[in-house]
Each structure stands twice: as C-alpha cells, then as structure tokens.
Amino acid sequence: PSAQAGTLLMNMLGVKLSGFTETGSKVLQGLFQIGALAFMFITIRRLYGTAAAVLSITVASIFLSAPLIAKFGNVKEQFMIAFMIAGICCFVYYRLSGKWWWAVLSGALLIWGPMFKQTGMSAIGAVGIFSIAQAIETHKRVHTLILGSDGLSRTVNRCDAATAKLLFEKAV
8 PSAQAGTLLM
18 NMLGVKLSGF
28 TETGSKVLQG
38 LFQIGALAFM
48 FITIRRLYGT
58 AAAVLSITVA
68 SIFLSAPLIA
78 KFGNVKEQFM
88 IAFMIAGICC
98 FVYYRLSGKW
108 WWAVLSGALL
118 IWGPMFKQTG
128 MSAIGAVGIF
138 SIAQAIETHK
148 RVHTLILGSD
158 GLSRTVNRCD
168 AATAKLLFEK
178 AV
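Going by the working numbering, the sequence shown opens with residue 8, and the numbers climb by one from there.
Since the hints were made in silico from the structure, they are not lab data.
Cβ-Cβ distance ranges computed for the label pairs, FRET-style: (1) K23 - G105: 31 to 41 Å; (2) A10 - V111: 20 to 30 Å; (3) G56 - S9: 42 to 52 Å; (4) Y55 - T126: 23 to 33 Å; (5) L24 - S138: 31 to 41 Å; (6) L103 - H146: 14 to 24 Å.
Remember, it's a predicted structure, so these values are computed and weren't measured experimentally. For each residue, glycine too, the CB sits at the ideal point set by N, CA and C.
With the hints as constraints, model all of the structure from the sequences given.
Structure (structure tokens):
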C-alpha cells in the first residue's frame, strides 16, 4: 500500500466513525491536534509561564491549520505532528519529575511518528541525542566533583598535618 500503517489505521477509524467520507478522519485529526496543543500549553506554561505558552500555542495552531501548510485536508503529517508533540512533552515531564512512566509514555507516543511518515524519526533522534549529551555532561560534572573533592581533601589533610606538626613542636 502507498500509505503508512498509522495513516491506514486513522483512516479506518475515520471510516468507522462516519462512513466513507472525510469527516471522520478530519474529526480525529482535530481531536489529536487539540490534545497535543493542550499538552504543549501545559508543558510550556510550567516551564516558561502563561505568556510564552499562549504565544507558542498560537503559532503552532496557525502552522498546523494553515491550508497552504496543511495541504487542504487530512494528511499524515497532522497525526504525526500531534504524536511527536505529545511524546516530547512527556519526555520533558520525565526530565522534570524523574518518574519512569513519563519516559515510557514518551516512547509509546514517539514510536507512532514514523508510522505516519519517516520524518517522525526526528523526534526520536532528538530525544536520543539529548539523552546521550545529558549523560556525557552529567559524567563530566560528577568527574569534576570527585576530582575537586579529592583535591580538596588532600589540601585539608596537608593543612591538618602542618597544624599537627606545629602543635607537636610547641609541645616538645
């Protein structure tokens, strides 16, 4: 088939909702977009405040619904973008809270992106690159802390030894 598995599934659900018309798929597309944009609003509001969240959602909704960009109808990119937004928001919540189930939910949502179009891999790649970079940066910080505290403890031990020597000499 010419369509990806995710597109076929959404079109099948649309047909189940409203028969052989575009209405069902467009309703699903709208619901997915509303859900993703609401999740994006909540995430951005938590990080940067209400003004930034309103501006972000306004710009994102224009890009998602502009006829020249959205190709005048039901297209696979609309579903893919909704899943990618929701997946990235879950990953942000995972990084903020450290709760493992946010990471699982992020993966479950992000894996749907490539099922609509191969460019859905970009969000998975972004999460992977960020995770690797974060691990490297954390390793560097831990390494610096260990070396820093080790150097500090050697300095303290030298000072204690010098103080002890002075006290011993005065006592004798």
